[in-house]
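Enquirer: Numbering (full-length UniProt numbering), first residue to last: 1 to 400.
Take these hints with a grain of salt, some might be off.
Claimed, not checked - Result set (DSBU-like, lysine-lysine): computed pairs, CA atoms no more than 30 Å apart in a straight line:
hint : residue 1 : residue 2
1    : K182      : K117
2    : K182      : K295
3    : K295      : K343
4    : K302      : K250
5    : K189      : K375
6    : K375      : K182
7    : K250      : K375
8    : K182      : K250
9    : K302      : K343
10   : K375      : K343
11   : K250      : K295
12   : K295      : K375
13   : K117      : K295
14   : K93       : K80
15   : K189      : K250
16   : K295      : K189
17   : K250      : K343
Said to hold, decoys possible - Quick list of simulated restraints, FRET-style, between CB atoms:
hint : residue 1 : residue 2 : range
18   : R97       : K375      : 54 to 64 Å
19   : G191      : R97       : 50 to 60 Å
20   : Q111      : D384      : 22 to 32 Å
21   : S185      : K295      : 20 to 30 Å
22   : S303      : Q111      : 43 to 53 Å
23   : L379      : T351      : 30 to 40 Å
24   : T328      : A103      : 52 to 62 Å
25   : E107      : T347      : 56 to 66 Å
26   : R199      : G332      : 22 to 32 Å
27   : T328      : R349      : 15 to 25 Å
28   : A178      : V254      : 36 to 46 Å
No wet-lab data here; the hints were simulated from the structure. Don't be surprised by glycine CBs; every beta carbon is placed ideally from N, CA and C.
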Amino acid sequence: MSSLSTGLRQWRERVSALFQDHEIFIRTHGHVRFLRVSAVWQKRVALIAGLVLLAWAGATLAVLVNQLLSSGERAEVAQKQAAAAAAEARIAKYRDRVAETAADLEERQNQLDEWQKSYFGDEPAIPGEAAATGADAKPAPLKTSAIDPNLPPEAQALARIEARQEAFSARLLAAVTARAAKAESAVAKLGLDPASLVRSAAAGRGGPFIPYRNRLGRAGELGKGFAALEGALFRMEVLERTLVAVPSGKPANVLMLSSSYGYRSDPFTGAGAMHSGLDFPGPLGSPILAAAPGKVVFVGQKSGYGNVVEVDHGQGILTRYAHLSGFTTRVGSAVAAGQQIAKMGSTGRSTGSHLHFEVRLNGAAVNPRRFLEAKADVLEVKADARQRVGALAAGTGGAR
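Kindly generate the complete structure, drawing on both the sequences and the hints.
Expert: Right under this line is the structure:
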């Protein structure tokens, strides 16, 4: 304690030494005045100055602290505003995504409805659809490609719609594939190459490029499943239309066949020759019938054939009826299978009244016998195809 007291006494002595009594002489116009500044007064002034300085320092410190706090608050407010803006952007993006997905789903549904109506008409259901849409059907699992199943409820509803569409698309693809397989088998039994027919049809497509819904390179397209379905529908369409175009109907109501397709002795010279059709003898003027539905593309005369009618059946198939005595149709007329188009005769290079009947595939003559002698199972598939193609033509203004 003695050392502490000694230390304090020394500090008081040092401070007191700073404040000593002072006398100031002031001379004014020959008069001298004394101004005495006591040590006590000096201490009081110093104390007041110290207090003022301390107050100023405190105020300055308070201002600095307030500025620091204000900058922190401003930073926090700015952070909250940025977070709110980011949240609004996410919400806007989410809404746009939901709206875009809804538009895509509507487009997909329209396409599905169009395909079902075009290729299956008013049939009650695609195979498997009744079971999937029954009263006890459970919601499909949310395995979707266009939207995240973890999104809010409204997006979940869209996801369920998409899942049902994808399931329906899969069932429709299975039905189309089965029908295309039947048509392919029937076409093959007629001696035609299904793969070649599809390739030829695909080679004749084109048109300006118009991006789907004006969007490029995004998942808003109808999807891989729909692309597979579109390809299967195209294949089925080509094969079924080929079956319908095949001339399997009798070109004349006669039973005899006087000359077959292929090698024969020429009736005028006796030399070996290639006969590109079938000859059906019959009475002069007998009705000549279209062997399949199509469009008349030629009525007139051709060297060696005499009077000729040609009918285009589509899919590269054309029938030629020659040596006619008269015509009952004109160019541009649409004809049905079994409709009379001419009369039997003996014009051109002919030895008597008969019909020369040719079938040409992509310009080359093929044996008509394989079409006229088609088996019952092939004709059954053709009848089904004709019914669908006919309904499609009626729904599109009669276009083939």
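Enquirer: Taking the hints in turn, state whether each one holds.
Expert: The hints, checked one at a time:
{"no.": "1", "hint": "K182 x K117", "result": "20 Å, holds"}
{"no.": "2", "hint": "K182 x K295", "result": "26 Å, holds"}
{"no.": "3", "hint": "K295 x K343", "result": "18 Å, holds"}
{"no.": "4", "hint": "K302 x K250", "result": "23 Å, holds"}
{"no.": "5", "hint": "K189 x K375", "result": "9 Å, holds"}
{"no.": "6", "hint": "K375 x K182", "result": "14 Å, holds"}
{"no.": "7", "hint": "K250 x K375", "result": "14 Å, holds"}
{"no.": "8", "hint": "K182 x K250", "result": "24 Å, holds"}
{"no.": "9", "hint": "K302 x K343", "result": "16 Å, holds"}
{"no.": "10", "hint": "K375 x K343", "result": "28 Å, holds"}
{"no.": "11", "hint": "K250 x K295", "result": "17 Å, holds"}
{"no.": "12", "hint": "K295 x K375", "result": "26 Å, holds"}
{"no.": "13", "hint": "K117 x K295", "result": "26 Å, holds"}
{"no.": "14", "hint": "K93 x K80", "result": "20 Å, holds"}
{"no.": "15", "hint": "K189 x K250", "result": "19 Å, holds"}
{"no.": "16", "hint": "K295 x K189", "result": "25 Å, holds"}
{"no.": "17", "hint": "K250 x K343", "result": "14 Å, holds"}
{"no.": "18", "hint": "R97 x K375: 54 to 64 Å", "result": "55 Å, holds"}
{"no.": "19", "hint": "G191 x R97: 50 to 60 Å", "result": "54 Å, holds"}
{"no.": "20", "hint": "Q111 x D384: 22 to 32 Å", "result": "24 Å, holds"}
{"no.": "21", "hint": "S185 x K295: 20 to 30 Å", "result": "28 Å, holds"}
{"no.": "22", "hint": "S303 x Q111: 43 to 53 Å", "result": "51 Å, holds"}
{"no.": "23", "hint": "L379 x T351: 30 to 40 Å", "result": "33 Å, holds"}
{"no.": "24", "hint": "T328 x A103: 52 to 62 Å", "result": "54 Å, holds"}
{"no.": "25", "hint": "E107 x T347: 56 to 66 Å", "result": "58 Å, holds"}
{"no.": "26", "hint": "R199 x G332: 22 to 32 Å", "result": "30 Å, holds"}
{"no.": "27", "hint": "T328 x R349: 15 to 25 Å", "result": "23 Å, holds"}
{"no.": "28", "hint": "A178 x V254: 36 to 46 Å", "result": "39 Å, holds"}
Every hint, counting from the list given before, is met by this structure.
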